[in-house]
Amino acid sequence: MSLRADLSLISEWIKPGSRILDLGCGDGTLLKYLRDTANVSGFGIEIDQQDIVKCIESDVNVIHADLDEGINNYFDADSFDYVVMTQALQAIRHPEELLDEVLRVSSDAIITFPNMGYWSGRLQLGLGGHMPVTKSLPNHWYNTPNIHLCTLKDFENLCVERSIRIIKRRVVDSRHKHGNWLMKIWPNLFGEIAIYHITKK
Amino acid sequence: MPDSIPENSVGLVTPEVHHFDEPLLLDCGKTLEQYDLIIETYGELNADKSNAVLICHALSGDHHAAGYHTMDDRKPGWWESAIGPGKPIDTNQFFVICLNNLGGCKGSSGPTTKIPGSDRFYGPDFPIVTVKDWVRSQQRLMLRLGIAQWAAIIGGSLGGMQVLQWTIDFPSLLRHAIVIAAAPKLTAQNIAFNEVARQAIMSDPEFHEGHYLEKNTKPKGGVMLARMLGHITYLSDDSMREKFGRELREGKLNFGFDVDFQVESYLRYQGKSFVDKFDANTYLLMTKALDYFDPASEYNDNLVDALKKATAKFLVVSFTSDWRFAPERSREISQALVAANREISYVEITAHQGHDAFLIPIPEYMAAFDAYMNKVARDIDEVKSS
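Keeping their order, the protein sequence lines are chains A and Y.
Okay, so the first sequence: first residue is 1161 according to my numbering, each after it adds one.
Okay, so the second sequence: first residue is 1351 according to my numbering, each after it adds one.
Hints should not be assumed to be uniformly reliable.
Subject to a maximum C-alpha distance of 16 Å in a straight line, what follows is the list of computed EDC-like cross-link-like pairs (lysine to aspartate or glutamate) [stated by the list, open to error]:
1. Y:K1725 / A:E1217
2. Y:K1725 / A:D1219
3. Y:K1638 / Y:D1377
4. Y:K1658 / Y:E1648
5. A:K1175 / A:D1241
6. A:K1313 / A:E1256
Keep in mind that the hints were calculated from the coordinates and are not lab data.
Pulled out of the complex, with its shape left as it was, chain Y reads as follows:
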């Protein structure tokens, strides 16, 4: 709980829900006849609506990217490190919008919301959504808010993939694309990890083929396992060694199968606390969206051709110890952008925190981010004067 709101925080924020009646045709062939998107906004939209920035969230993220909902909140939004007055995504300059993606479990239409006109939860019947579908829904939101062009779209990990998809599908609707700790598509190893997570959830006896909400239960063990596995891939060997080493929780070995080492205790805690915050069906949907992401597949598997459609200017960022989406993957994106003759800067930040580094205010990362966002802000003035 914050005693007082830090000066560089956006402070107390209230989400808002936007209802959409226009049917949305999805990649899977199904149609969402109507849906809700829950969003948060920070900062002020300027008179000519040229300072809007869209934030795309990652696998377990949501619309609550910055600030606090109440003074009782233990933690601020998930990207508090980068969003706020004087921070790289400076709310004194930008109007920042973040939404919970379709299929999420934090207020947008998804497995935990009711099917319109019915008393039933969507549960496992919520259609499989793709990154492309999300981008389409985000574009609808853009129209609703009366924004003609984003000053920038920014995202890390799965969020960065949405940014890439935006630049290809709606090139004229954004000026800058910031793609952090992402990949142009998943590797077999990435998909393998996702599959183990899904199996953990689906083989939990409380899963009930996804209809657990109707039975008033949850596949807690499965979600916990999925999260524990995910968490290992977000950290690096070095950061785990530094954080936990082989430290024992009770100072001695217990010669049993309960927690001996601190790292076990940490993972169990992370897994357990996730169970209360996140929905199992949403976890399945999000991992599928990751697996299916492959924008080059529509361009004969040629990423360069795909990115030739883009007109935005790019900043691509990776982190040295990230092995979930390693620097090599960001280099693939950068190399394709260079080959497509796009404007791009690429920086590899030396960091030991693994994939999680994209959420951590590492000085060099923040400096590069800040320098680039200043450029985004300068372009707003240019748009105004033209």
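For reference, chain A alone in the conformation it holds in the complex:
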């Protein structure tokens, strides 16, 4: 089974046998992969009914819930080894509050989001004068679910403010290929998607 490259990268960061919570787990691909390859157990949270059916088909435990309502009702403190949230943070109404909740239920979290600082976006807004439309941000301003876009710098500033420690950071392009030298030197300019491993200080 071939796994989307960002999910494959995440799965390398997760210790076998862990208990994880996947927020916005979609069809359960990551959880199924980790269960089958690394003996990982846990839950997915998803809001889309069709994705939930796919999770059930894959024998992945899934809870139908809206992340905008938070996860405190469902999970006790430190009940997971990792919380994973791929490409969902930017669509949350209060991402800063959810981050706090995430690091309450687990000491470690892996968060990915599209980087608003990507050069193409900067060019489109700076020179073109319109909201960017890129491969990782394919929607127009009026129909985008992404209401809280940020750059690497923004996210890292928030982490400082919230006393969140960054353990690892990787940036990839929209095909999720592992970074080239440009991405390594100027991640906030050439990284299209950011992947962070964060923890409580």
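We have chain A already, so just place chain Y on it with the hints.
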């Protein structure tokens, strides 16, 4: 009347009665020295008896969950939408058992059956039964049928409550629990509705303190009112608006107290047709079983502790417009299961039909149900191979 039996129906079915002589001690302290349970089965029990599924019925349900008794039947069993070949509870894969619970009025021992060794009906003297008592009696039935472990127990509404009780009282006797449109206990509002229904029945002059059968009569008005009230709580505001709106039966207002609006006509029809099908004392008993249901009460009112006893895997389902047992109530169950570290999936189906949605083949509901039942079927193969 079906001209021909649809291909995805279990077809013509015949109930069977099982007599039990071993006394059953009830929660109320009384003992049923002997009793009958009437059941229906669909599909075939496999050689190692690992594919049996128990269906628990809701307040006014019975053992006739699927198929037809005769070619003259106007309607199939109450859960025809979910039980049959190729349906979520696939009778090509599962051996499905449904029974009429104790206290019922469709053939199991209850107020309309005779007290053993006497010519008298039980009537109001049939003891109050609880969900726990039902589960105990269902476990006796399980032994009788030689089934060591249920592949799954499934129920909606009051049926879902029996499923929950099973997972706590007999954790090792089932592999999967499917709890649909249920609640971990009733709210004051739920109990209030039940009390109005009971008062409607008991204040009917034909009730005679429950001894109406001996007087060859029935508290028809009371049962009709109880059913009309119940029916309102099974539907949603939206579904009533869609079904009836303010449509007038005769196209004009009559400036009287008879039926003006279609919704009145519908409720009266539902109430009246229920009177012939259902017993008043049974209605009282069933509503009490609902009111008393509270599995956490045996665990210091801690639902998480109660569900820590469970070992089954769970599917919990709710419906957005259900206000009798709203999604919040199913979330309570799900949250407690997660906190108890059980395996659980929970889905909230977008539906406008209210509580009744659990009986309606809504595509997303059927898809989730079907996906889960496939998993139940896969586990049967695992049990076989181990």
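Inset, instruction - Please name the hints from earlier in the document that this structure breaks, with their numbers sorted from lowest to highest. - result: Violated hints: none at all, because every hint is consistent with the structure.
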